[in-house]
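Number of protein chains: 2
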Amino acid sequence: MSTTVAKALSLLDYFSEAEPEIGLSELARRSGVDKATVHRMLGVMCDAGLLEKRGDARQYRLGAGVLRLARVRETAFPVSSLFQQSLADLSARLGETAHASLVSGRALATIGISESNRGSRVSLVAGELLLMHCTASGLAVLAFSRAELVDRVLSEPLVARTSRTITNPSIIRARLEEVRLTGFAEADQTAEDDVYGIAVPVFDSDAEATGAIAIATPAHRMTNDLRSEIIAALFVEAEKLTVNSGGRMPAAFLSVAARFSPT
Amino acid sequence: MSTTVAKALSLLDYFSEAEPEIGLSELARRSGVDKATVHRMLGVMCDAGLLEKRGDARQYRLGAGVLRLARVRETAFPVSSLFQQSLADLSARLGETAHASLVSGRALATIGISESNRGSRVSLVAGELLLMHCTASGLAVLAFSRAELVDRVLSEPLVARTSRTITNPSIIRARLEEVRLTGFAEADQTAEDDVYGIAVPVFDSDAEATGAIAIATPAHRMTNDLRSEIIAALFVEAEKLTVNSGGRMPAAFLSVAARFSPT
DNA sequence: AAGATTTGGTTCATTATAATCACCAGTGGT
DNA sequence: ACCACTGGTGATTATAATGAACCAAATCTT
Numbered sequence: 001m002s003t004t005v006a007k008a009l010s011l012l013d014y015f016s017e018a019e020p021e022i023g024l025s026e027l028a029r030r031s032g033v034d035k036a037t038v039h040r041m042l043g044v045m046c047d048a049g050l051l052e053k054r055g056d057a058r059q060y061r062l063g064a065g066v067l068r069l070a071r072v073r074e075t076a077f078p079v080s081s082l083f084q085q086s087l088a089d090l091s092a093r094l095g096e097t098a099h100a101s102l103v104s105g106r107a108l109a110t111i112g113i114s115e116s117n118r119g120s121r122v123s124l125v126a127g128e129l130l131l132m133h134c135t136a137s138g139l140a141v142l143a144f145s146r147a148e149l150v151d152r153v154l155s156e157p158l159v160a161r162t163s164r165t166i167t168n169p170s171i172i173r174a175r176l177e178e179v180r181l182t183g184f185a186e187a188d189q190t191a192e193d194d195v196y197g198i199a200v201p202v203f204d205s206d207a208e209a210t211g212a213i214a215i216a217t218p219a220h221r222m223t224n225d226l227r228s229e230i231i232a233a234l235f236v237e238a239e240k241l242t243v244n245s246g247g248r249m250p251a252a253f254l255s256v257a258a259r260f261s262p263t
Numbered sequence: 001m002s003t004t005v006a007k008a009l010s011l012l013d014y015f016s017e018a019e020p021e022i023g024l025s026e027l028a029r030r031s032g033v034d035k036a037t038v039h040r041m042l043g044v045m046c047d048a049g050l051l052e053k054r055g056d057a058r059q060y061r062l063g064a065g066v067l068r069l070a071r072v073r074e075t076a077f078p079v080s081s082l083f084q085q086s087l088a089d090l091s092a093r094l095g096e097t098a099h100a101s102l103v104s105g106r107a108l109a110t111i112g113i114s115e116s117n118r119g120s121r122v123s124l125v126a127g128e129l130l131l132m133h134c135t136a137s138g139l140a141v142l143a144f145s146r147a148e149l150v151d152r153v154l155s156e157p158l159v160a161r162t163s164r165t166i167t168n169p170s171i172i173r174a175r176l177e178e179v180r181l182t183g184f185a186e187a188d189q190t191a192e193d194d195v196y197g198i199a200v201p202v203f204d205s206d207a208e209a210t211g212a213i214a215i216a217t218p219a220h221r222m223t224n225d226l227r228s229e230i231i232a233a234l235f236v237e238a239e240k241l242t243v244n245s246g247g248r249m250p251a252a253f254l255s256v257a258a259r260f261s262p263t
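As they're listed, the protein sequences go chains A and B. Each residue of the first sequence is one higher than the one before, counting from 1 in the numbering used here. Each residue of the second sequence is one higher than the one before, counting from 1 in the numbering used here.
Wrong hints could be hidden among the right ones.
Since the list gives no way to pick out one identical chain from another, each pair is judged satisfied if it fits inside one copy or across any two copies.
[Said to hold, decoys possible] Straight-line Cα separation of at most 25 angstroms, BS3-like style, residue types lysine-lysine; simulated pairs:
#, residue 1, residue 2
1, Lys7, Lys53
2, Lys7, Lys240
3, Lys35, Lys53
4, Lys35, Lys240
5, Lys53, Lys240
6, Lys7, Lys35
Don't read these hints as lab results, they were simulated from the structure.
Modelling step: build the complete structure from the supplied sequences, incorporating the hints.
Here you go:
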């Protein structure tokens with residue numbers, strides 16, 4: 001709960017596309033950490049290249065170091081580029097916004113987005129961290145993760161993002177059971193008002209969920225037909241991604257996915 | 001020298017394309033930090049999503065978090081993609097390997113490479129950190145950086161990568177003076193045997209060097225004609241990149257660059 | 001333009017933290 | 001069966017982080 005490195009690294013979570021540059025005081029306020037402490041930590045992270053302060057300005061932003069790290073990971077294990085293709089296909093076919101995220105600690109990191117070209121669409125903030133307990137992607141991933149991760153996520157206090165967010169661990173566990181049976185997860189305005197999300201997990205070589213692909217639609221537009229169409233499309237792409245990234249699906253998942261596969 | 005966060009973050013430096021997965025003991029040995037300490041740090045970084053351990057395996061690799069961070073930075077300040085285009089042009093035109101790097105703490109982070117298609121060429125390890133004092137890119141950047149950064153780099157012990165590496169701070173300062181006059185930097189086998197590098201800096205909106213683009217050729221192939229051709233091409237691209245990324249060149253640089261510009 | 005407020009940044013005594021060493025248990029090779 | 005590795009763990013000691021008060025400069029209010 002209180003190792004200094006963890007505190008320092010948690011500061012990185014506050015940077016997103018919506019707020020790519022943050023000042024010292026603001027970051028201290030947001031994180032609840034003392035200004036002096038934040039200042040020292042930011043200094044160290046600048047030194048390491050993870051952050052940098054814009055020349056004269058007194059704002060901090062993500063540094064060149066993260067570009068290098070991402071490049072290293074992506075050349076060694078290219079998943080981001082792989083996902084992007086599937087997302088483009090999905091949003092083109094369904095006309096809705098598609099996004100992908102990978103497990104990153106106890107949250108999900110959005111690594112790809114492909115917006116629909118409709119006038120009314122869900123617009124996501126790229127690079128935002130998704131909470132596990134209230135997003136379709138999070139539930140899809142948790143349902144097929146080791147109990148260890150589930151426990152870690154559910155042992156922390158669960159914030160309510162909307163009036164419909166479920167914050168009771170037991171109820172969430174029950175929902176995960178449902179997800180395990182159906183193979184996909186839904187989030188009807190539990191993460192954001194007016195947003196309906198449907199997600200299907202993607203697996204690694206150990207048949208563990210490493211992430212999920214999802215479709216987000218304006219809640220009012222969701223119909224039974226669209227829902228079925230989305231689920232079927234997600235299953236096809238998720239299987240493709242799992243296989244192409246060298247993963248395999250767990251037995252429990254294969255049986256439910258079979259109902260949707262065109263084979 | 002000894003903040004714990006700095007030590008933890010320095011562990012990330014050991015991951016590169018050549019070695020994308022590292023074990024606990026290996027990392028402890030390489031970094032000179034106690035195994036127990038490394039173990040705790042790796043755990044924390046896994047928790048933050050910067051690292052992850054491959055399922056069953058007992059190897060650590062860069063996590064999905066870095067992908068997210070890079071995405072955030074790149075969508076807010078797209079430089080990586082911008083550089084990639086210039087690199088492709090350079091390597092195509094010159095037939096030699098081109099690469100770009102950005103200041104990352106007290107080193108340079110390689111963020112792009114475009115290899116030549118010749119049989120004999122310089123092959124770089126993508127995502128490796130470049131040392132400031134012995135690479136052409138490093139000298140090009142240092143020559144046009146704040147004295148503060150120069151002092152920080154030269155105050156540390158300078159490792160000799162080849163028999164020709166200059167490790168004397170005073171001599172390096174003299175070389176930086178030359179670079180300031182000519183506008184480009186050369187490294188004749190000072191970073192790696194048989195590699196001859198030529199680099200030109202790229203500037204930000206404060207006319208400070210943020211990085212450099214460089215050409216690396218097999219040392220034996222370098223001739224006066226090729227050298228001139230490379231320098232001229234680099235100047236053109238560096239100016240283009242500086243302008244397109246919203247930067248401006250310092251007055252001192254403009255005068256020397258003018259000799260090479262086609263205008 | 002004068003005052004009020006907030007910003008980035010710094011200091012230093014107090015306190016909580018992280019480093020260390022010896023030690024386990026499992027694995028692969030010979 | 002052994003040996004030399006590996007990843008991982010706890011209790012003690014020494015180290016590093018913390019946070020309230022403080023400052024100068026920039027910014028917003030009036």
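Hint check:
Proximity of Lys7 to Lys53 under the C-alpha cut-off of 25 angstroms is found in both arrangements, the shortest distances being 20 angstroms within a copy and 21 angstroms between copies. In this homomeric assembly, Lys7 and Lys240 never come within 25 angstroms of each other (Cα to Cα): the closest approach is 38 angstroms inside a single copy and 40 angstroms across copies. Taking the shortest Cα distances, Lys35 and Lys53 sit within 25 angstroms of each other inside one copy (16 angstroms), while across copies they are farther apart (33 angstroms). For a Cα distance limit of 25 angstroms, the shortest separation of Lys35 from Lys240 qualifies neither inside one copy, at 47 angstroms, nor across copies, at 40 angstroms.
When the C-alpha separation of Lys53 and Lys240 is checked against a cutoff of 25 angstroms, the pair qualifies only between copies, where the shortest distance is 23 angstroms, while the shortest distance within a copy is 41 angstroms. For the homomeric pair Lys7 and Lys35, the shortest alpha-carbon distances inside one copy (13 angstroms) and between copies (22 angstroms) are both at most 25 angstroms.
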